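For the sequence shown, the UniProt record's numbering gives the first residue as 1, with consecutive numbering after it.
For the record, the hints were derived by calculation from the structure and aren't laboratory data.
Treat the numbers as computed from the prediction; the structure is a model and nothing was measured.
Heads up, some of the hints might be wrong.
Claimed, not checked - Calculated cross-link-like contacts (lysine-lysine; reagent style DSS-like; alpha-carbon spacing at most 30 Å): (1) 405 - 389; (2) 405 - 393; (3) 393 - 478; (4) 478 - 405; (5) 451 - 407; (6) 407 - 397; (7) 405 - 390; (8) 478 - 390; (9) 478 - 389; (10) 407 - 478; (11) 478 - 397; (12) 152 - 478; (13) 412 - 393; (14) 390 - 407; (15) 389 - 407; (16) 412 - 397; (17) 412 - 390; (18) 478 - 451; (19) 407 - 393; (20) 397 - 152.
Claimed, not checked - With beta-carbon atoms standing in for the labels, derived distance ranges: (21) 432 - 269: 37 to 45 Å; (22) 257 - 365: 34 to 42 Å; (23) 11 - 448: 21 to 29 Å; (24) 470 - 135: 33 to 41 Å.
Here a beta-carbon is modelled for each residue, glycine too, at the ideal position from N, C-alpha and C.
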Amino acid sequence: MTEMEIDSVQDEFARQTQSFMQWFRDLPGATFHKDIQMVDLRGHGAGRGIIATADIEPDTVLFTIPRPSIITTTTSSLATHLPSIFSESESEGDPSNDAWTRLILVLMYEYLRGPSSPWAPYLTLLPASFSTPMFWSDSEIAELQASSVVSKIGRDSAEGMIRSRILPVITSHPSVFFPSGDRPSDDDLVGLAHRCGSAIMAYAFDLDSPDSDSDSDEGAEDGWAEDRDAQRELGMVPMADMLNADAEFNAHIHHAPDFLTATSLRRIPAGEEVLNYYGPLPNGELLRRYGYVTPRHSRYDVVELPWGLVEPHLRSALSANYGVTETQWGQVDALLARQREEDEEEEEEDDETFVIERTTPDPESTGLFPPTPQPAITALPEDLTERVKKFLKTVSKVSSSPELKDKPTRTKIQLETVRLALIDRERQYPTTLEDDEFFLSSVPNTPRTNKEMAVYVRAGEKRLLRETQAWIAAELAKLTSSSSDNTSRVRSREGEGEADTPSAKRRRT
């Protein structure tokens, strides 16, 4: 790109920002504090953002967004053109007509209206492309290696949802979506739907409850397509979604019946960026939803451990060290199968994957991390320990080993087998933590390229696996020490008993 072309792009970027700011200030009921400014942060890999131009005190209203300016299924005119699609009575129980699908239709409709849309200056600011893994190449996705993020991208299922739910509505109402008669191709419409779905994933707010935030997504089966509760009202909130976010933040979006407000949580010095909060998200989820990672979110990193890595080590240890025979394993398997049938009847199923995470304190009311305690592994996932206990209890029903009745022994088995499973889990990544840290050492700032972000995510997961292994080693050392102390006390009591016997006899005479 030539210098002239760069200047032209920058001028267009600035023009769009100015147009949006004028549009926002003209909205009835909207406010924008005199000491904040929207700025170009592309040099920092963040697009637009809002900074303080003078010191701002806590509890200052930074801006106010009237609810009629939010893009929803009730504020867009699309609902008047397609009443059967947007009727609550029609949509109840219809998965092809949920809140998520309807908002995608609304956003596509407003995009296709172009300059005639009431939100045109706002829509021009939304990204035309995204850095989320949904839009990565196969080789870029491969850089995530064994991260569970890969299974949650859901590109194929998202496209299937678009073609089965979105396209039929649009193509069956051409006069609504293409009043000029200029109809895009199906592939172009699918591309626009992906863009709208990703914009909703990154920017939409849940609007039902007075204090809801945009971090209440649930589930991940279809990429972005099933990430939000089907019946919650969703909305695209101009200005609120111009705020960038981090795990430490200085502003909060408050929901009121007639408007939303952004309020400062603490003093914001001049020149500091105003930051919102998306919730305690691990970097993998931050990348999947929003297309970036940050060092501050590393404390919330998670890694998934499948039961399929734990059970083989349990069976091996019980066979080798506690004499469980092939015949007994057959009995155990029969008991486990019966338990699964009973669980299915009661609609209770054992988890097959367990989330390893640190115990991490919540941010303070100022948006800052508390000085103590530091995030740390303090226990294994409760559902994992319960699954192991259930397994060992079943084995103890058919095993003659008295040691399996001993709680410290069962704890030791659990810790040792989970440690081995964690080692196996780490081996699923083609590179080591040291390899990844060496690569990241050459990255001067927060990772920005797709590869850098992928390596950052997988390194965070490996680091967590190492920390959990170290915690288990410490717990096993405590068990060994406790066992040694108990043995010493028993021997001491036995010795005392032998010495006391004569005096005891003398007392009886």
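Hint check:
1. 405 - 389: Holds: residue 405 and residue 389 sit about 11 Å apart, inside 30 Å.
2. 405 - 393: It holds: about 9 Å lies between the C-alpha atoms, which stays within 30 Å.
3. 393 - 478: With a Cα-Cα distance of about 23 Å, the restraint between residue 393 and residue 478 holds, given a limit of 30 Å.
4. 478 - 405: Answer holds: residue 478 to residue 405 is near 20 Å, not above 30 Å.
5. 451 - 407: 46 Å, violated
6. 407 - 397: Cα-Cα ~15 Å, so holds.
7. 405 - 390: Status holds; Cα separation ~13 Å.
8. 478 - 390: Holds, because 24 Å separates the two Cα atoms, which is no more than 30 Å.
9. 478 - 389: Holds. Residue 478 to residue 389 sits at ~20 Å (cutoff 30 Å).
10. 407 - 478: Between residue 407 and residue 478 the Cα gap is close to 14 Å, so the pair holds against 30 Å.
11. 478 - 397: 28 Å, holds
12. 152 - 478: Cα-Cα ~38 Å, so violated.
13. 412 - 393: Distance of about 14 Å is within 30 Å: holds.
14. 390 - 407: Holds: residue 390 and residue 407 sit about 13 Å apart, inside 30 Å.
15. 389 - 407: 10 Å, holds
16. 412 - 397: Holds, because 19 Å separates the two Cα atoms, which is no more than 30 Å.
17. 412 - 390: 15 Å, holds
18. 478 - 451: It is violated: about 41 Å lies between the C-alpha atoms, which goes past 30 Å.
19. 407 - 393: Holds, at about 11 Å.
20. 397 - 152: 39 Å, violated
21. 432 - 269: 37 to 45 Å: Between residue 432 and residue 269, where Cβ atoms are some 41 Å apart, the hint holds.
22. 257 - 365: 34 to 42 Å: Given a distance of about 24 Å, which is not inside 34 to 42 Å, the answer is violated.
23. 11 - 448: 21 to 29 Å: 24 Å, holds
24. 470 - 135: 33 to 41 Å: Distance hint for residue 470, residue 135 holds at roughly 37 Å.
Violation of the numbered hints given earlier is confined to hints 5, 12, 18, 20 and 22; the remaining hints are satisfied by the structure.
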